[in-house]
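Participant: For reference, the chains in residue letters:
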Amino acid sequence: MTAARIPIVAGKYLAFARAAARRSLAERTVLVGRSVFLGVILFVFSRIWRVVGASAALPGIGERELVWYLALTEWTVLSTPPLFLAIEAEVRSGDVACRLVRPVGYVGAQICEAVGEASLRLAVLGPSAALFALALTGGLPADPRGLWLALPLGLVATFVAILCMAAIGLSAFWIVDTSPFFWIWQKLTFVLGGLLFPLELYPDWLQRVAHATPFPLMCWAPGRMALGFAPRQALASAAEGVIWVGLLIGLLALMSRRARARLTLNGG
Amino acid sequence: MSKAIELERLRKVFRVRERTRGIAGALRGLVAPRTREVVAVDDVSFAIAAGERVAFVGPNGAGKSTTLKVLAGILRPTSGVVRVAGLEPGRDRGRLGYRIGAVFGQRSQLWMHLPAADTFDLLARIYELAPGEYRARRDELVRAFEIGEICEKPVRQLSLGERMRCELVASLLHRPEILFLDEPTIGLDVVAKATIRDLVRERGRRDGCTVLLTSHDTGDMERVCERVLVIHRGRLLLDRPVDALRKSFIPRKRISVVSEEAELSLDLPGVRRLPSAPHRTELEVDLRAVGVDRVVSQIFARARVLDLSVEDPPMEEIVTAIYAGACGAEAGA
Chain A
27 MTAARIPIVA GKYLAFARAA ARRSLAERTV LVGRSVFLGV ILFVFSRIWR
77 VVGASAALPG IGERELVWYL ALTEWTVLST PPLFLAIEAE VRSGDVACRL
127 VRPVGYVGAQ ICEAVGEASL RLAVLGPSAA LFALALTGGL PADPRGLWLA
177 LPLGLVATFV AILCMAAIGL SAFWIVDTSP FFWIWQKLTF VLGGLLFPLE
227 LYPDWLQRVA HATPFPLMCW APGRMALGFA PRQALASAAE GVIWVGLLIG
277 LLALMSRRAR ARLTLNGG
Chain B
41 MSKAIELERL RKVFRVRERT RGIAGALRGL VAPRTREVVA VDDVSFAIAA
91 GERVAFVGPN GAGKSTTLKV LAGILRPTSG VVRVAGLEPG RDRGRLGYRI
141 GAVFGQRSQL WMHLPAADTF DLLARIYELA PGEYRARRDE LVRAFEIGEI
191 CEKPVRQLSL GERMRCELVA SLLHRPEILF LDEPTIGLDV VAKATIRDLV
241 RERGRRDGCT VLLTSHDTGD MERVCERVLV IHRGRLLLDR PVDALRKSFI
291 PRKRISVVSE EAELSLDLPG VRRLPSAPHR TELEVDLRAV GVDRVVSQIF
341 ARARVLDLSV EDPPMEEIVT AIYAGACGAE AGA
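Heads up: the protein sequence lines correspond to chains A and B, in order. Residues in the first sequence are numbered consecutively from 27, following our numbering. Residues in the second sequence are numbered consecutively from 41, following our numbering.
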């Protein structure tokens with residue numbers, strides 16, 4: 027691709043992202059539902075930590091920080107659209123045929139649509155999460171500067187999750203029903219990603235295992251910023267994010283090449 | 041005249057997994073899956089000149105949609121040579137995409153929750169149309185297809201006929217040289233079918249684009265195309281002008297009449313009464329002996345008609361007739 031073509035091609039993919047954001051805006055009830063769900067989750071866990079006494083588990087970290095931690099992890103998780111379902115549905119129904127006649131990469135377009143949808147969700151759920159956390163804890167974390175660092179890390183987290191979802195969706199070319207892969211991935215995100223509790227609460231060996239996977243990037247990395255101002259940690263997480271994005275893009279390129287060779291379409 | 045589509049000895053074989061019943065069978069399938077080959081297209085060759093409108097017809101499962109998807113670069117051929125607009129679809133899918141348009145009757149390229157106009161805007165970016173050129177083309181097509189109001193409503197609120205008109209506009213925005221239409225009238229009512237056929241024929245003429253239309257409805261080929269390819273069980277049975285096919289293999293029409301009278305009898309040569317019910321009369325008309333117009337006027341003269349429809353024989357019947365003709369020719373030789 028020549029340098030002159032780069033903005034043209036980027037414009038195509040941006041158009042997918044914009045159209046998807048408009049579609050999400052048209053489906054406002056989904057956004058409202060997710061905001062309400064976020065509020066319920068934060069309420070339940072804030073009560074649990076009040077009873078359990080979180081400060082006993084992590085010195086220097088109180089109930090307020092843990093609620094903000096959960097607000098940030100849930101913000102990224104709930105902002106990630108279920109891209110695997112969209113790809114699986116198109117492969118199953120054969121609608122993928124309509125997409126393949128266009129002069130644009132199928133997987134790239136799907137990822138950009140998910141990014142567009144996620145952008146809107148992040149923009150809506152972010153303030154919702156902050157408001158719920160504020161209302162439930164009565165204030166900001168002890169060192170609120172970390173919250174600024176959580177914003178770019180939240181974007182990295184969502185993008186890595188979208189790439190993982192695309193890989194799960196593409197597996198539909200081999201196994202048709204991708205939900206078992208999704209369940210495994212989701213549970214690993216909850217546990218190894220530290221969705222509900224910071225990884226610092228885990229035993230050392232489990233922390234090491236978790237950090238060798240991309241899962242902490244999707245939850246713990248932005249959430250950790252509610253526990254204190256840690257610019258070095260934020261930088262390390264961002265660098266790790268770049269590596270995982272590269273690896274996942276490589277995997278997706280390989281999968282989409284193989285998928286094209288396997289392609290069979292329903293209805294002829 | 042240059043060739044828009046060239047196909048030589050195309051063969052497409054799918055490998056499908058055989059499912060065995062029961063838990064033991066499922067476990068065996070996991071360890072050592074058994075597969076079998078399904079030949080969807082077998083040794084098919086033809087060429088289509090630029091600007092031709094060709095129907096590719098056959099019963100369900102004949103291999104017409106598979107061929108079309110190979111031509112559009114969606115599926116790769118197992119063997120054979122395929123050239124579309126001078127490109128090899130399997131290798132040049134990206135470049136070919138700018139030069140072809142496609143409508144799949146059972147699928148949608150439009151975004152269901154957004155107005156069709158939003159999809160048009162997105163397609164303009166995908167096909168890299170200059171803003172002025174895009175607006176002029178969109179306005180021209182919106183007028184021609186009469187979708188001014190329709191294209192501002194979310195697609196999910198449109199009827200199938202309205203949606204299909206929007207699909208056609210979406211596929212024509214970038215002025216494709218070749219238009220692939222896969223069952224464009226499937227599921228439509230009589231009026232919507234007629235509208236779509238007229239629009240495709242007119243647009244093909246006006247833009248000079250090559251049209252390859254697959255259908256199992258003989259009406260599509262009669263109203264839109266000048267040449268017909270008949271495919272059955274993956275093999276090309278026939279390649280000839282539509283007029284010649286009509287004369288040789290579609291010499292009959294069926295007329296169904298619902299009348300106030302319980303019985304309706306006609307005394308015309310070439311009209312045969314099929315098994316009917318009280319108030320509903322089924323007639324078969326031999327077009328070589330009598331025209332449909334004459335039969336219909338006599339029906340109206342003899343009965344108070346509540347409903348009337350004129351239909352072609354089903355594609356399966358035509359294929360059977362073609363088979364019989366081909367076998368007869370072989371026996372004669």
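Worth flagging that the hints you see were computed from the coordinates, not collected in a lab. A few of these clues could be false.
Far from chain A, by Cβ distances over 10 Å, these chain B residues were calculated [to be verified]:
(1) I63
(2) E92
(3) R133
(4) G141
(5) A142
(6) D158
(7) G201
(8) P291
(9) S316
(10) D352
Computed beta-carbon distance windows for the label pairs [as the list claims (entries may be wrong)]:
(11) B:S349 <-> A:T28: 56 to 62 Å
(12) A:V66 <-> B:L346: 58 to 64 Å
(13) A:L227 <-> B:L200: 24 to 30 Å
Incomplete in silico selection of chain B near chain A, CB under 10 Å [claimed, not checked]:
(14) K109
(15) G134
(16) L136
(17) Y138
(18) F144
(19) Q146
(20) W151
(21) L154
(22) D161
(23) R165
(24) F220
(25) D222
(26) P281
(27) L314
All C-beta atoms in this analysis are idealised placements derived from N, C-alpha and C, irrespective of residue type, glycine included.
Participant: For each hint given before, does the structure comply? Return the numbers of the non-compliant ones in rising order.
Facilitator: Numbers 3, 4, 5, 6, 13, 26 and 27, in rising order.
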